[in-house]
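Protein sequence lines correspond, in order, to chains A and B.
Quick note on this note's numbering: the first sequence kicks off at 1 and runs consecutively.
Quick note on this note's numbering: the second sequence kicks off at 1 and runs consecutively.
Read the hints as simulated data drawn from the structure, not as lab findings.
All values derive from a computational prediction rather than experimental measurement.
Just to be clear, a hint being listed does not mean it is correct.
[Unchecked claim] Here are the in silico distance ranges between beta carbons for each label pair: (1) Gly270/A - Leu250/B: 23 to 33 Å; (2) Arg60/B - Arg220/A: 49 to 59 Å; (3) Pro229/B - Ala267/A: 50 to 60 Å; (4) Thr47/B - Asp198/A: 33 to 43 Å; (5) Arg184/B - Gly90/A: 53 to 63 Å; (6) Ser220/B - Glu229/A: 46 to 56 Å; (7) Gly90/A - Pro27/B: 30 to 40 Å; (8) Gly193/B - Glu278/A: 48 to 58 Å; (9) Glu229/A - Glu377/B: 24 to 34 Å.
[Unchecked claim] In silico negatives: residues of chain A with every beta carbon more than 12 Å from chain B: (10) Arg61; (11) Ile64; (12) Gly65; (13) Leu78; (14) Gly117; (15) Pro146; (16) Val218.
The C-beta atom is built at its ideal place from N, Cα and C for all residues, glycine as well.
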Amino acid sequence: MAITPVRIGIVGCGAVTSVCHLPAARALREAAVVALADTNLERAAFLARRFGIATVTEDYRRLIGAVDGVIVALPHALHAPVATELLRAGIPVLVEKPLATTTEEALQLVAVARETGMPLQAGYMFRYSRAARLVKRILDEGWLGPIQGFSLESGGIYSWPIASGFFWQKAQAGGGVLIDTGSHMLDLLLWWLGDVVDLEYRDDNLGGVEADCWMTLVLRGPAGVVRGEVTMSRLRRLRSAARIVGSAFTLECGLSGRYPVRVWPTAWGGNGVTFASEYEGGATDSFERMFVEQMREFARAIRERTPPAVAGESVLGVIALIERCYRERRPLEQPWLYPVKGPS
Amino acid sequence: MAGALVTGATGFIGGRLTEVLVALGVPVRALVRTWSAAARISRLPVTMLPGDVLDLDAVRRAMAGCDVVYHCAVDWRGGGRQNRLSSARGTRNVLQAAADAGVSRVVFLSTVGVFGRSPAKPLVTEDEPTPHTGDDYGDGKIDAERAALDVHRTRGLPVVILRPTIVYGPFSRSWTVSTVAAIREGRMVLVDGGAGVCNALYVDNLIEAMLLAARHPQASGQVFHISDPEVVTWKTFIEAHARALGEGYLPLPEMTAAEIERRRGEARQARRSTIKESLRILRDRQMRQALMRIPAVGRVGELARWAARTVVPPGMQRRLREYVVSATLAAPEEPSAPAGPALPSRSLVQIYASRTVFSVEKARRVLGYAPGVDFQEGMRRTAEWVRWARL
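Construct the entire structure; sequences and hints are all you get.
So this is what it looks like as structure tokens:
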């Protein structure tokens with residue numbers, strides 16, 4: 001039976017739209033992107049030509065009535081206000097991460113979704129990763145034994161092909177690597193291990209946005225209270241993996257490339273034999289597939305008018321955590337910032 | 001306080017300069033060509049303006065309200081010739097905009113590469129002439145220097161030219177990151193036992209010189225060599241980087257420049273023979289037929305032949321055949337040896353083997369250049385960064 005694809009509009013034609021959302025839609029029969037909106041009409045028209053999209057507009061309000069759902073991929077500070085307006089106009093919305101830059105805005109947005117009955121999906125697509133879902137299951141079923149600690153590292157020399165400078169402005173981006181990469185990474189940790197009990201947070205921000213950050217986190221969940229460290233960077237290559245140490249087994253989940261999950265007896269130390277995962281019909285995972293699954297879920301939520309699996313309220317925890325980090329931030333040591341004497 | 005424009009602020013030297021200027025309370029504007037490269041300066045309260053030094057209007061916009069211009073931009077994207085053209089054209093744009101805006105000082109970052117990779121004299125001062133050497137990077141900077149001095153003469157633009165040497169330290173891709181990577185990957189060789197002169201310059205010392213050049217009344221219209229006053233050998237420099245990784249990386253293999261050249265020739269010869277042999281096998285009818293009998297190879301071969309005949313016009317088929325053959329036969333510039341460590345490039349060997357010292361006497365005398373970081377301290381800081389950066 002032929003499926004009539006849902007008609008999707010995208011507001012914001014930056015890197016995530018061109019690299020992730022548009023290719024994801026092209027891979028699906030359930031959804032078709034039919035309109036693009038951006039204040040930079042030239043950029044919108046460029047992507048429209050590349051992906052064969054009929055309508056481009058400078059004003060996202062013109063999407064109302066012309067599409068079945070909208071993906072909001074704007075500068076972070078505009079996520080909540082634009083999504084609110086669209087929900088109120090009766091349009092289901094998928095909001096890129098971060099759902100909002102403050103808890104207050106996020107709560108308001110979630111309330112509007114509830115009030116209007118419109119699906120509000122949060123673009124935290126790592127939740128669709130097979131690897132992340134396997135880790136969740138392993139932890140929920142207690143395979144590792146009592147959890148003793150965790151560590152997560154994610155970082156590389158920044159190369160995302162951003163199309164505008166908003167990303168580097170605190171007022172528009174809400175922050176740096178923490179609110180960007182951290183939205184995904186910390187969301188996974190909370191999903192896997194529970195709610196925040198305590199934290200210490202440091203970053204390298206000197207009046208702009210942070211490029212490197214480090215934190216210790218104490219989380220409480222079904223596995224009990226567990227402490228761990230998180231390091232994220234835009235300036236150096238880190239391991240891009242999460243490790244969770246249980247008394248019986250240790251688990252490591254790769255956070256890039258093919259997202260391998262490995263499990264080995266904790267007693268073997270860090271260099272034991274590793275086991276690759278095969279889960280939910282695939283041995284490997286990919287960044288692209290996560291966006292396809294996210295789009296599929298959005299199309300389903302639009303068609304069925306039911307809340308999506310990763311609904312707005314499910315990411316309130318990570319937004320509150322990031323907000324608390326910024327509030328309690330302390331400086332991170334940067335081992336090259338020695339003073340240089342200026343001319344007298 | 002009047003602001004400063006930094007071109008090349010997303011790069012190694014411009015990035016460190018921007019950090020220092022911000023720490024000194026100077027409002028900084030940065031001309032940004034590639035947004036994704038701005039992560040380091042995004043930590044700082046700087047105004048980022050989109051644009052390229054090749055776009056005069058963008059340069060003018062970026063310069064608004066600035067009193068001092070630090071021109072550090074360099075274009076590594078294209079090949080050598082592109083680099084030379086953009087270096088000269090970009091600098092002319094910066095000079096023109098600065099002269100029109102009436103800024104009080106332009107500090108232009110050139111290079112001692114204007115003397116080529118291996119100058120003949122043991123001691124080179126700023127009085128030494130700089131004819132083109134055929135090296136695109138150096139020649140582009142020569143053109144840019146001439147343009148700067150010309151605008152100084154004709155329009156009275158207060159411009160200072162600094163020629164830094166081997167700038168190392170945190171975030172130095174050319175001399176710290178690449179040196180460490182070569183050591184870690186077993187590609188490093190001490191040329192002539194590392195006896196060549198490394199005119200090392202710790203990045204913060206260069207920044208100190210740039211700040212002096214921006215202010216000193218006698219600096220205008222002058223050219224200065226900037227290096228650490230202490231001259232070290234390449235052995236000292238490279239081994240210090242190896243120690244930053246751990247003593248286990250020492251000792252490093254040694255080779256003379258002549259031996260490297262001989263091995264390069266042998267490697268080229270060996271590769272040519274391998275290619276010739278492969279082509280001979282493919283030309284052999286029986287061998288081809290045998291290969292095609294392997295089912296997978298046969299299918300791929302059939303498909304490729306069909307696709308080539310159907311889709312590609314005959315003229316292009318011929319050109320493609322020529323291209324494939326020439327690409328297979330052309331030896332790359334820097335072949336690796338069949339055994340032992342990979343060989344450093346020819347230009348790198350010239351730099352490692354050079355015995356030339358660049359005099360900083362003029363900078364000392366005129367600018368009062370007396371940098372605060374000696375080699376030991378510079379490497380201590382560099383090692384600290386190498387560990388942080390997980391190189």
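Hint check against the structure, violated hint numbers in rising order: Result: hint 7 breaks, nothing else.
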